[in-house]
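S.K.: Model the full structure from these sequences, guided by the hints.
When the letters of the sequence shown are read in order and numbered with our numbering, they come out as residues 12 to 131.
Hints in this document: simulated from the structure, not taken from any laboratory. Heads up, some of the hints might be wrong.
Each computed DSS-like pair below joins lysine-lysine, with the alpha-carbon atoms no more than 27 Å apart [to be verified]:
1) Lys39 with Lys116
2) Lys17 with Lys54
3) Lys93 with Lys116
4) Lys116 with Lys17
5) Lys39 with Lys54
6) Lys39 with Lys93
7) Lys54 with Lys116
Computed beta-carbon distance windows for the label pairs [unchecked claim]:
8) Glu131 with Cys110: 18 to 26 Å
9) Arg107 with Ser29: 39 to 47 Å
10) Ala125 with Glu92: 25 to 33 Å
11) Glu131 with Glu102: 29 to 37 Å
12) Gly128 with Gln108: 19 to 27 Å
13) Ser38 with Asn101: 23 to 31 Å
For every residue, glycine included, the Cβ atom is placed at its ideal position computed from N, Cα and C.
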Amino acid sequence: MGEHAKINPGPFIEFLNSVCPPLLGASKDEISRHFAPMEMMNKVRHFVADDQDVTFFIAREQVDRDRDEGKKEDGKSAAEEKEYVIVAENEVNFSRQACAVALLKRNPATFRAAYEGTLE
12 MGEHAKINPG PFIEFLNSVC PPLLGASKDE ISRHFAPMEM MNKVRHFVAD
62 DQDVTFFIAR EQVDRDRDEG KKEDGKSAAE EKEYVIVAEN EVNFSRQACA
112 VALLKRNPAT FRAAYEGTLE
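M.R.: Structure representation (structure tokens):
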């Protein structure tokens with residue numbers, strides 16, 4: 012990982028915690044949990060540090076369930092109890108059952124300098 016390991020993913024993840032809930036229909040806690048694992052922090056570090064990586068795509072997708080499930084024990088049908096998963100990628104993916112947002116770096120060097128606080 013090298014240089015990427017020096018990047019603090021915290022400010023970008025806090026930004027996502029502020030922006031994503033209203034855009035994706037997710038709770039701040041749901042977004043925070045998704046970005047807590049080291050794998051996701053490394054994905055953020057890579058996006059911030061790599062000039063070739065200019066897209067960060069976040070989606071909240073509805074999980075497909077078997078429609079033949081019928082009623083559950085609590086009397087609710089599978090259609091009434093929807094499950095969602097947060098997906099973060101470095102390229103845009105489309106799904107019919109998702110709300111999504113894509114963040115683009117128009118000038119990677121300027122973005123990184125602003126992120127690190129070294130922009131003059």
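S.K.: All the hints need checking, so say for each whether the structure fits it.
M.R.: We went through each hint and held it up to the structure:
1. Lys39 with Lys116: Holds. Lys39 to Lys116 sits at ~24 Å (cutoff 27 Å).
2. Lys17 with Lys54: Distance of about 13 Å is within 27 Å: holds.
3. Lys93 with Lys116: violated, 33 Å
4. Lys116 with Lys17: Answer holds: Lys116 to Lys17 is near 20 Å, not above 27 Å.
5. Lys39 with Lys54: holds, 19 Å
6. Lys39 with Lys93: Holds, at about 18 Å.
7. Lys54 with Lys116: holds, 15 Å
8. Glu131 with Cys110: 18 to 26 Å: The hint (18 to 26 Å, Cβ to Cβ) is violated, given that Glu131 and Cys110 are roughly 37 Å apart.
9. Arg107 with Ser29: 39 to 47 Å: Distance hint for Arg107, Ser29 is violated at roughly 27 Å.
10. Ala125 with Glu92: 25 to 33 Å: Given range 25 to 33 Å: violated, Cβ gap about 42 Å.
11. Glu131 with Glu102: 29 to 37 Å: Since Glu131 and Glu102 have Cβ atoms about 32 Å apart, the given range 29 to 37 Å holds.
12. Gly128 with Gln108: 19 to 27 Å: violated, 39 Å
13. Ser38 with Asn101: 23 to 31 Å: holds, 24 Å
Consistency note: the structure conflicts with the earlier hints numbered 3, 8, 9, 10, 12.
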